[in-house]
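Residues per chain are reported as follows:
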Amino acid sequence: MALNRLALMTSLAGIELRHPLMNASGFLGYTREHVHRLASYGLSAIVTKTITPYAKEGYEPPIIVALRNGGLLNAVGLENPGKKCIAELVEEARKINVPLIISVGGRNEEEFVEVAIEAEENSATAIELNLSCPHTKGYGLEIGSDPNNVFSVVKAVASVTRIPVIAKLGLSDRVVESAGKALEAGAKGLTLINTVKAMAIDVHTLKPILTNIFGGLSGPPIHPIAVRVVYEVFKEYRSEIIGCGGVSSWIDAAEFIAAGAKAVQVGTALALANNPQDLVSNILQGLQHWLELHGYKVVEEAVGSAHRV
Amino acid sequence: MALNRLALMTSLAGIELRHPLMNASGFLGYTREHVHRLASYGLSAIVTKTITPYAKEGYEPPIIVALRNGGLLNAVGLENPGKKCIAELVEEARKINVPLIISVGGRNEEEFVEVAIEAEENSATAIELNLSCPHTKGYGLEIGSDPNNVFSVVKAVASVTRIPVIAKLGLSDRVVESAGKALEAGAKGLTLINTVKAMAIDVHTLKPILTNIFGGLSGPPIHPIAVRVVYEVFKEYRSEIIGCGGVSSWIDAAEFIAAGAKAVQVGTALALANNPQDLVSNILQGLQHWLELHGYKVVEEAVGSAHRV
Amino acid sequence: MLLEKDENKIPRFSFRPFKIIENIQIASNTFLLVVESANSLDHFSAKPFNFFNIWVPRVDEIPLSIAYQNGKRLFFLYKLRGLGTKTLAQQKVGSFIGIKGPLGRGFEPKRSEKWLIVAGGIGIAPIPMLIKRALELDAKLDIFWGVRVSTEFFDIAKIFGLPNEAWSIVRVSEDCMADFCGLVIDAIRSVNVDKYDGIIAIGPQEMLKTFCKQYGESRENTYVSLETIVKCGMGICGSCYIRESEKLLCVDGPVFRCSEVAKQLEGASA
Amino acid sequence: MLLEKDENKIPRFSFRPFKIIENIQIASNTFLLVVESANSLDHFSAKPFNFFNIWVPRVDEIPLSIAYQNGKRLFFLYKLRGLGTKTLAQQKVGSFIGIKGPLGRGFEPKRSEKWLIVAGGIGIAPIPMLIKRALELDAKLDIFWGVRVSTEFFDIAKIFGLPNEAWSIVRVSEDCMADFCGLVIDAIRSVNVDKYDGIIAIGPQEMLKTFCKQYGESRENTYVSLETIVKCGMGICGSCYIRESEKLLCVDGPVFRCSEVAKQLEGASA
Ligand SMILES: Cc1cc2nc3c(=O)[nH]c(=O)nc-3n(C[C@H](O)[C@H](O)[C@H](O)COP(=O)(O)OP(=O)(O)OC[C@H]3O[C@@H](n4cnc5c(N)ncnc54)[C@H](O)[C@@H]3O)c2cc1C
Ligand SMILES: Cc1cc2nc3c(=O)[nH]c(=O)nc-3n(C[C@H](O)[C@H](O)[C@H](O)COP(=O)(O)OP(=O)(O)OC[C@H]3O[C@@H](n4cnc5c(N)ncnc54)[C@H](O)[C@@H]3O)c2cc1C
Ligand SMILES: Cc1cc2nc3c(=O)[nH]c(=O)nc-3n(C[C@H](O)[C@H](O)[C@H](O)COP(=O)(O)O)c2cc1C
Ligand SMILES: Cc1cc2nc3c(=O)[nH]c(=O)nc-3n(C[C@H](O)[C@H](O)[C@H](O)COP(=O)(O)O)c2cc1C
Ligand code: FES
Ligand code: FES
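Line by line, the protein sequences give chains A, B, C and D. In this text, residue positions in the first sequence follow our numbering: the first is 1, and each later residue adds one. In this text, residue positions in the second sequence follow our numbering: the first is 1001, and each later residue adds one. In this text, residue positions in the third sequence follow our numbering: the first is 2001, and each later residue adds one. In this text, residue positions in the fourth sequence follow our numbering: the first is 3001, and each later residue adds one.
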């Protein structure tokens, strides 16, 4: 079935998207070759691996493992080549004409700003601030679980860049408040959520599996948690949201959209799919049918539809 | 295979247990008949539904639904007949000679104390304070996510009862701190964790499924999160812990024990099993094999074994 | 014969989307609901006396017996009672509802057996499915169906296209406009129950109570299909427990031996 | 022929517990590891050139080619390199390790084909499995195996009980103690490669580079089995990407056409 390109179009933080589906950060995304591969999946935008100012070594493997519950557990440790790789990534994305969102990480405002400026100078499409990695000391959720920190990092970045800033928040007690602070500080969109802190122990060797012991849980197990966060945040602010967490079928994506998301990221399911291209096109076809079923002409009309109760 | 009764024996907060497996609160447990049914599953102790001082009506159905990710989502709303039912429950448990743990709920210290006194006066085996229900307004996690509240509720109850007090905590940013506060306030054990706040939307009707909109996610999806919490809390305090969340096989139970749990609760899996008796005995047989494999003579020796790295 | 429960519960305990094909009044206060699975891969096979929980979005979740199954189509017969059933009756053809099930254990005669069926009011709901199965099993059913006023009757043979063989139906109404005048429980008094392999009654609790008193004590093969408050349908919430029994209606029922539910039926009069 | 990947990835991407049955030195610096699934229900079928990630608890996760499979038993051949392989060599018989896989795509001849195999050093590891499969497929393999010093040789026929039919092996060593003296790449120069349906090389990158230069440009059916840094083995971390290609070794490899990995091999010399 051919896709109805018009029906699936959406936009997020001012970025025009062919359809709502992009990859989640951390699935490839730090070399030219990765960008090329991701583009071949048929995604509407590509999100890079989180980039820090300087090259960062990750943890020793095991860094990613599948779990009995159908999810993945990972502690990669934000391994990346540092901001110098941005130029090459942008160049590759431009060649294949796909919007590129640079995921930015740091230990403090200065580091976030440093990478964000690099992204802007290379004319990346947008910036996604990773305020939510649950297992890398000094990064991510250690910053993102405090709404005031969220405010200051987003503010610092938003005030020095003109390209759209998206704040990616993780599960925390005050995630709704953090979302508000991010918007107040100038975020044009929110990505919700990151992985959830978890661990797995091998009962035959009695050892934690990940070298880092703790990691982030992703995939279907976290989807209902993510939908809840998207719903709560949308209800409060009617903001532009990218739903992320456990999407593996069009139903999961539609749930996010009904909860309030204008776009959706897929991570774990890309890795578990036998054919990522087929996964993406199946999700898009399902979404298109779903829009038709409800008589929606464009994605926009479906956004937040579950709030009309 | 016959079970090795000696190897499986354990104790928790001073309660002697035939083996580590009890039910999680909220799976039946508020009538005499429920207690009888639960006892027939072969559990080593029975935990009641959370009891509040007065009868509490729950939400309108749907209150519980299975999800595509293999978990359950529920918002029952702490429906229960009030503290007056405790006498009957204790009586029934005594008849069939199984330890009975009264799960206690309330909106403030006074309510917790009121039910706890009723439990003590009826000579229940122990009390489990539900400081962790994620979806009932005014109850549970609204109290339990603040370590100071945890301290004052546990303190209030522990100072008026002589039977052991177990604090049940849910996922929150400061759960490790809350655990410490509960122990400091006199809790003899900790149950970790409750369900995780989540939601599901039906994409065909565009409506949240649960009448309460938000509910708690249970079952396999949350197991790696629960293991992480047990591991972190055990690491910090070496306290007596009941692992709870997503146990559906002996491997899940063994993971909890290796992480630091002396006992384990099963909820969702009891409901999803075709035969709860078989489920319980399969888990126990698996655990026994596992102990043998590692040369452990009693459960105690396996507790926290994953910390010896 | 009580049947075993199904295997994998996750799909059965989820709300699967079904499209409403028909939802029409067929007798006084009584509706026929026909739904079809929205998922072409959805597969289930309901047995007689299984029930499904029907989710009326944002209003309620209502247990209804399966009246008939035809491939992906499920048929239900329901009586208006309170808000839930009334809102269900307003659902439009083409709209979706969520359906959880099949729930409970099925119940059916053994091959070539002969059963007496006593239905009161909307208790007739599961009987078309039972007839369908009896035909397959070469079993015979004699059905007595009693209602208060004969406008409550409808023609199950016609609605479900049941061939008129292997089963008989005697209509009983208190308004004396049918085959027999009075209560269904009186209508069967003249029947020699000993010529049946078993008997089963379904209807208001008062009727079941009388039924079990008369037939349940001496005969092993006397069953009733009960109602209790069913909320979750999954054996968790406990609302459907049977008094002084370990059983839960939603898991072990709705069909029980009279001997298993004596205390429960006693409570009915209270 | 490159084979498709397996279906359900969750079990393949988990660490399944395997018990160590044997872990012995069989040549200089070279070990044979035999493991057996601890789970009697565990089912998998590895294909030649699939690899598994071996978890050495608290130390590392190491990709090793499947050398042989016999029911629930997996066989690996590995060379000591750094901390990971050294710690692996210390694991005791009876202890457990975690194994992720089968990973990558398999590779095997088509029925009745004739292939030339060029192995350098521990590049011999996947060959016993390939021979096993060739026997099933009625295919013929001529193997050239080169090492630096002949103490690196071991007898794959004996270790894996391979019948001496349908395959031949020529041993090549730089210390001139074997069938041919020198580099394996020189040893095959005299071979008429045109009589084979395909050729495949596996070993150090330098060797593969030379191999592809010599045979890869003119012939379509010229393959190499590569190594890159494999961390996750799941197509996520990106460490195994092939330069100037969309391919990932852990998903699409380790076997590639020479033409697909030209840039990658170029980098090898750097
Ligand atoms: C296993 C089972 C199978 C059933 N099959 C049928 C059927 O095929 N056709 C049919 O018309 N009815 C059937 N019923 C009864 C039907 O479920 C109730 O009529 C319906 O739930 C009433 O909902 P309401 O909101 O309209 O009424 P309410 O206003 O909620 O209540 C009206 C009456 O219905 C009873 N009731 C309410 N909720 C429930 C509930 N969740 N479970 C059981 N009883 C309830 C109450 O006791 C009350 O007397 C069945 C009940 C059970 C338990
Ligand atoms: C698909 C594949 C199949 C392989 N099959 C075999 C085999 O059957 N037998 C065998 O002996 N070796 C095999 N290897 C190589 C083996 O994985 C490495 O020797 C091993 O990882 C080294 O680990 P170490 O900790 O001992 O050494 P380290 O100290 O970590 O490194 C020593 C050398 O090994 C290389 N290396 C390290 N880690 C990896 C890694 N994760 N992936 C790839 N290379 C790495 C490094 O480039 C370095 O030069 C295979 C590699 C791949 C990619
Ligand atoms: C292996 C792995 C690496 C990840 N790396 C990053 C990262 O670098 N930056 C980030 O913001 N999120 C990272 N994430 C989180 C994902 O972007 C996403 O939020 C999460 O996986 C939930 O989506 P999913 O269930 O579709 O995978 C990573 C997740 C995984 C599994
Ligand atoms: C339907 C349902 C009702 C529950 N009710 C309670 C309750 O009353 N009190 C409580 O402390 N926990 C309650 N819980 C949480 C469970 O006790 C348990 O913490 C949670 O389900 C995780 O365990 P599981 O994955 O084994 O089900 C309930 C859970 C479910 C699914
Ligand atoms: S309806 Fe909930 S236990 Fe039966
Ligand atoms: S090893 Fe991680 S992507 Fe291949």
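Among the hints, a few may not be true.
[To be verified] Label-pair distances were calculated between CB atoms; the ranges are:
| id | chain 1 | residue 1 | chain 2 | residue 2 | range |
| --- | --- | --- | --- | --- | --- |
| 1 | B | Glu1057 | C | Val2170 | 38 to 44 Å |
| 2 | C | Glu2007 | D | Leu3137 | 50 to 56 Å |
| 3 | C | Gly2071 | D | Ser3045 | 43 to 49 Å |
| 4 | C | Ala2038 | A | Gly138 | 47 to 53 Å |
| 5 | C | Ser2150 | B | Glu1057 | 55 to 61 Å |
| 6 | A | Asn275 | C | Glu2007 | 56 to 62 Å |
| 7 | A | Gly138 | D | Ser3045 | 52 to 58 Å |
| 8 | B | Glu1016 | C | Asn2070 | 55 to 61 Å |
| 9 | A | Tyr296 | D | Asn3039 | 43 to 49 Å |
[What the hints assert, rightly or not] Covered by chain A, according to a simulated footprint, are these stretches of chain D (three or more residues, beta-carbon under 8 Å):
| id | region |
| --- | --- |
| 10 | 3168–3175 |
| 11 | 3212–3218 |
| 12 | 3243–3256 |
[What the hints assert, rightly or not] To spell it out: a stretch of chain B is covered by chain A in this simulated footprint if at least three of its residues, at any positions, have a beta carbon under 8 Å from a beta carbon of chain A; those stretches are:
| id | region |
| --- | --- |
| 13 | 1054–1066 |
| 14 | 1191–1200 |
| 15 | 1211–1222 |
| 16 | 1253–1264 |
| 17 | 1295–1308 |
These aren't lab readings, by the way, just hints derived from the structure by calculation. Positions of the beta carbon are idealized from the N, C-alpha and C atoms, including for glycine.
Outcome of the hint check:
1. Glu1057(B) - Val2170(C): 38 to 44 Å: Cβ of glutamate 1057(B) to Cβ of valine 2170(C): about 43 Å, so the range 38 to 44 Å holds.
2. Glu2007(C) - Leu3137(D): 50 to 56 Å: violated, 39 Å
3. Gly2071(C) - Ser3045(D): 43 to 49 Å: violated, 37 Å
4. Ala2038(C) - Gly138(A): 47 to 53 Å: holds, 48 Å
5. Ser2150(C) - Glu1057(B): 55 to 61 Å: violated, 39 Å
6. Asn275(A) - Glu2007(C): 56 to 62 Å: Taking Cβ atoms as reference, asparagine 275(A) and glutamate 2007(C) lie about 30 Å apart, which means the hint is violated.
7. Gly138(A) - Ser3045(D): 52 to 58 Å: Because 45 Å falls outside the window, the suggested range is violated.
8. Glu1016(B) - Asn2070(C): 55 to 61 Å: holds, 57 Å
9. Tyr296(A) - Asn3039(D): 43 to 49 Å: holds, 47 Å
10. 3168–3175: violated (count 0)
11. 3212–3218: The restraint on the region 3212–3218 of chain D is violated, since only 0 of its residues have a Cβ under 8 Å from chain A and three are required.
12. 3243–3256: holds (count 6)
13. 1054–1066: violated (count 0)
14. 1191–1200: holds (count 5)
15. 1211–1222: Holds, because 6 residues of the region 1211–1222 of chain B bring their Cβ atoms closer than 8 Å to Cβ atoms of chain A.
16. 1253–1264: Check passed, 4 qualifying residues.
17. 1295–1308: Our answer is that it holds, as 3 residues pass the Cβ test (under 8 Å) against chain A, meeting three.
Checked against the numbered hints given earlier, this structure breaks hints 2, 3, 5, 6, 7, 10, 11, 13; the rest are met.
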